[in-house]
Amino acid sequence: MNKVLAGFVLVALIVSSVAILGMAAPFKVAFVTPSTVNDSAWSQSMYDALVAIQNEMGEDNFQFVYSENSSLSPMRPRRYATTPARATTSSSRTGHSTVGRWSTSPPTFRTRRLPGVRRRTRSRIRESPTSSPISRFPSRADTLMECWRRSCRKAA
Amino acid sequence: MMGVIGPIETGDAKRYTEGFEAGVMATNPNAKVSVTWTGSYSDVSLAAETARTMIKAGADVLTGTSQMVIGAIGVAKKEGAIWFGYDVDQAPLAPQIVVSSVVVDWTVALRPMIALIQDGTMGETVFDLTLENGGLKIAVIAEGLVGKTIDGIINGDIKVGE
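Line by line, the protein sequences are chains A and U. Residue numbers for the first sequence follow my numbering, beginning at 1 and rising by one. Residue numbers for the second sequence follow my numbering, beginning at 1 and rising by one.
Read the hints as simulated data drawn from the structure, not as lab findings. As the structure is a prediction and not an experimental result, all values here were calculated from the model. Treat the hints with care, as some may be off.
[Stated by the list, open to error] Listed next, with one range per pair, are the computed distances between beta-carbon atoms: (1) A:V51 x U:E18: 28 to 36 Å; (2) U:G147 x A:N55: 24 to 32 Å; (3) U:M1 x A:D60: 47 to 55 Å.
Glycine included, C-beta positions come from ideal geometry on N, C-alpha and C.
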């Protein structure tokens with residue numbers, strides 16, 4: 001189901017971005033996955049493909065963002081779908097802070113914070129301390145952060 | 001006995017599992033293939049426990065699909081079971097036990113998909129990933145089991161066809 005959902009969001013965002021922005025605008029994709037983009041499995045294969053496409057088309061013509069470990073947050077795809085033109089991201093889960101935004105945006109768009117949403121930056125992946133296979137498992141800190149996001153401090 | 005650890009019986013996971021089973025049976029009709037669907041794409045610990053159970057039941061070869069399989073690979077590595085990878089080349093995780101991996105190249109589907117959307121065509125097209133069109137590849141590393149076997153055949157350490 002997660003895979004189907006991820007594929008649906010992928011296609012929906014592709015369609016919406018093209019329909020809204022027209023041919024001259026960059027092609028935009030949101031990638032929502034239940035694991036990490038370096039999981040040595042399906043998510044990594046799709047991430048690698050998106051990076052390859054971006055290298056072929058250029059960052060001016062193809063842009064994508066991704067959200068990892070999204071199985072704990074079923075509402076996240078809807079947030080993507082309601083903010084197709086611009087996204088401000090912030091994350092400290094891996095010890096890194098990344099802020100990205102789409103290069104174009106409607107003038108009336110209202111900036112929103114999307115927890116866990118990251119813009120694709122190759123350097124962050126390669127330099128991240130979580131790139132080793134061992135660290136791909138969710139840590140206690142990850143769990144607590146997710147709980148905090150979902151306002152379940154008592155459960156933690 | 002061979003074990004397949006899948007997430008949910010649908011999509012590419014189902015097709016891979018059926019293909020793996022068909023390949024085993026084509027090679028050895030007497031072989032037994034045990035398939036377990038965990039019901040989760042991302043539950044790493046569940047995949048690990050499934051692998052552990054399969055090995056205890058006698059499986060000496062394992063494979064699986066989806067994001068969870070890293071847990072199963074860890075167990076296979078610890079227990080010395082052979083692993084066949086899927087999605088990406090999984091040999092770097094455990095070169096001692098990963099025989100080969102089916103590598104999925106999604107660009108083969110994404111390129112025409114993007115082109116069609118840019119031309120205004122939405123949906124109604126199915127994109128197949130095959131060995132023929134390059135959407136599927138078989139990865140074998142020289143340091144892995146197959147690589148060493150090939151080297152062994154070439155340098156004469158392994159005798160074949162006598």
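Evaluation of the provided hints:
1. Between V51 of chain A and E18 of chain U the beta carbons are some 30 Å apart, a value that agrees with the proposed interval 28 to 36 Å.
2. Our hint of 24 to 32 Å for G147 of chain U and N55 of chain A holds, since their Cβ atoms are close to 28 Å apart.
3. Judged by the Cβ atoms, the range 47 to 55 Å given for M1 of chain U and D60 of chain A holds: they are separated by roughly 53 Å.
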